[in-house]
Amino acid sequence: MALHNAGYAALLEGDLVTALERMSEARPIMASSPVNEAICDLDRAEVLREAGQVLEAERTLAGVARSFGAARMPQSRAEAEFHLARSLLAHDPARSADVAAAAARRFRGLRSPGWVARADGVRLRALLELSDAGRRRPSPAQVGAAVAELDRAGFVVEAQMLRVAKLIARARRGERDDGIPRLRERDPLSVRLLVHEARAVQATARGRGADSRRHAAAGLESLAAWQRSFGALDVASSVAMHGNGLILEGLSSAIRSRRSDVLFEWSERARHFAHQVAPVRPPRDPDHASDLARLRLLREEVGAGWEGDRRVRDLRERVRERQWATAGEANGIPRVDLEALRGALDADTALLTYVYSRGTLVCLAVPAAGSPTVIDLDAGAVQGLMPGLRADLDVAAALRGGGMAQVVQATLERRLAQLSSLLVDRALSAAGNPRRVLITAPGVLAGLPWTMLPGMRGRSITLARSASRWVSARGAVIPARTAGFAVGPGVARGVEEAEGAAFAWELQSVGGGVVGPGPRVLRGDDAGVGAVTGLAEDVDVLHLIAHGRHAIDSPMLSGLGLADGTLFGYDIDLIVRPPATVVLSACELGRSSVRWGSEAIGMAHAWLHAGTRSVVAAPVTVADDVAAELLGALHGGLAAGLAPSDALSLASQETGLHTPFMVHGNGF
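In this text, residue positions in the sequence shown follow our numbering: the first is -13, and each later residue adds one.
Just so you know, these hints were derived from the structure itself, not from any lab. You may find that some hints are simply not true.
Stated by the list, open to error - Ranges between beta-carbon positions, derived for each pair:
1. GLU(-1) with GLY520: 24 to 32 Å
2. PRO20 with GLY389: 55 to 63 Å
3. ARG443 with GLU287: 42 to 50 Å
4. ASP364 with ARG443: 53 to 61 Å
5. GLY389 with ILE464: 47 to 55 Å
6. ARG192 with GLN395: 26 to 34 Å
7. PRO167 with GLY520: 54 to 62 Å
8. GLY291 with ALA391: 31 to 39 Å
9. ASP380 with ARG443: 40 to 48 Å
10. ALA131 with VAL288: 35 to 43 Å
11. ASP323 with ARG159: 46 to 54 Å
Glycine included, each C-beta is placed from N, C-alpha and C at the ideal position.
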């Protein structure tokens, strides 16, 4: 119990790594019964929530509430519901208000006035957030009474957060209020962020856009300092949740400014936020490798729904604990300004950066020469076309002949033409119709096959995590000299694809007089996880041909099926020298889960985070024969020394195949 409570104290200090370590160490002894296990999980869910693992935290809290209910422990059940309501505030205020109201009713029945005050505080904060969405607005008297009750019960921080939430709601309605409290040294990060947001919203209400962005930036800097202490990709991207309000306020102000330098700055703040930290690799840990091997076995043994298995949860907890303990580099990746970006663009290259906030979508087109242009886009029309796009792409890949295939293909082409007209045609014209296009895009456009849009065909495209990341690695794209291939089980034309692509390297080796190892192809039982990760450290280009599946709730558990099980995103972090270019010829592994603040994380991003410069992947299913033909041609360009984006563009032109494959990271 003392060890568990030491973990909780670390949580209160913001040290999430120590909190998880202490709680995990205590859990095997503490969780001696369903009730004790629920007590452990209640506190552990708070750690997950603070780390931005909100969906997992909420599933845990819902299970904890059920356990306490079954054990007839109404006080503990209501406390779990309170924590669930507090978590829901970040992304579902309507449900948060309902859950908090239910918890408050339980606390009243139990005559727990302090807990009633806390639950009412969360409920009122949710209703203040919803006051413009049809919910009844709390009166100033109601909020004032709740603040006073929280103060009286000793919950000073929660009283202050409710007070500031009221000021934010008033400012958004255009009501003047100068009563924002001063920040104190001892104020926790949650309070500091909310106060900065209140100041930003008030400045916006007064028409002071520059002041609004200044306050939002100050809040994000305080959050970034904490974020840089994490090296793990899932935590570094997820803690952006805490700054979501600040990011949206800054982005909205930047859009209203119509200034290209301001819009670029805030585009980079939002996108760079989750990708500023480069990991420092821990020493090899045999226990960590053993846990990943057991996860592979359980995935095969349990099958569908395997993530809900208790053994899987326990193993994943240990894997995550070790990954979280990975420190990040203190300084991170520097963020560049618009002039630095323009200086890095070649004459035939342009940047298209898409910015979305609160229903508004714009594109900043930045040519290498000439003035940048801000272009207004129809966000509603784009969002109306996106839901059916994935289905069209999947069906088009499945139907390869016959009348129905022609109908589906025609429907897909119409949708792609509409998206091209809405998103890229005017932007490309404003950017001078460049041959190379660098793209940064928000989460609302995640999964869009940019290379298939009619306006983009024939161009070299790179989808970058941020322009700053692209600039920092510019010049690091050097011609590849070695290549390796791995074929997982059950891929009909996998060996054919690998051998065809490898032949391009053999031809280049003979014709170009290159001295060095020829291409290596792993297949059958030889293509196990250990062999593939070993191959990854020995080659410049790694081509993986295997069935894959994207795990929406746990992107680092996305994986490729190899001879002895799944290669997880967690395995990639163990590769000491990742290849410069990775080709993922597998369904869905270019797909990403949208995270807080319009960030994304997936298997392609896991390779990029580990140090790979470019990843060629598709966000949806691609037919085996199409993948084999296109990627074989891709390797012809790579072996000839072309940059990945140029090689992919040339391969598409040579084969006449327009596919969802695209280059993530630094493709040129």
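How the hints compare with the structure:
{"no.": "1", "hint": "GLU(-1) with GLY520: 24 to 32 Å", "result": "violated (40 Å)"}
{"no.": "2", "hint": "PRO20 with GLY389: 55 to 63 Å", "result": "holds (58 Å)"}
{"no.": "3", "hint": "ARG443 with GLU287: 42 to 50 Å", "result": "holds (45 Å)"}
{"no.": "4", "hint": "ASP364 with ARG443: 53 to 61 Å", "result": "violated (22 Å)"}
{"no.": "5", "hint": "GLY389 with ILE464: 47 to 55 Å", "result": "holds (48 Å)"}
{"no.": "6", "hint": "ARG192 with GLN395: 26 to 34 Å", "result": "violated (54 Å)"}
{"no.": "7", "hint": "PRO167 with GLY520: 54 to 62 Å", "result": "holds (57 Å)"}
{"no.": "8", "hint": "GLY291 with ALA391: 31 to 39 Å", "result": "holds (33 Å)"}
{"no.": "9", "hint": "ASP380 with ARG443: 40 to 48 Å", "result": "violated (21 Å)"}
{"no.": "10", "hint": "ALA131 with VAL288: 35 to 43 Å", "result": "violated (51 Å)"}
{"no.": "11", "hint": "ASP323 with ARG159: 46 to 54 Å", "result": "violated (35 Å)"}
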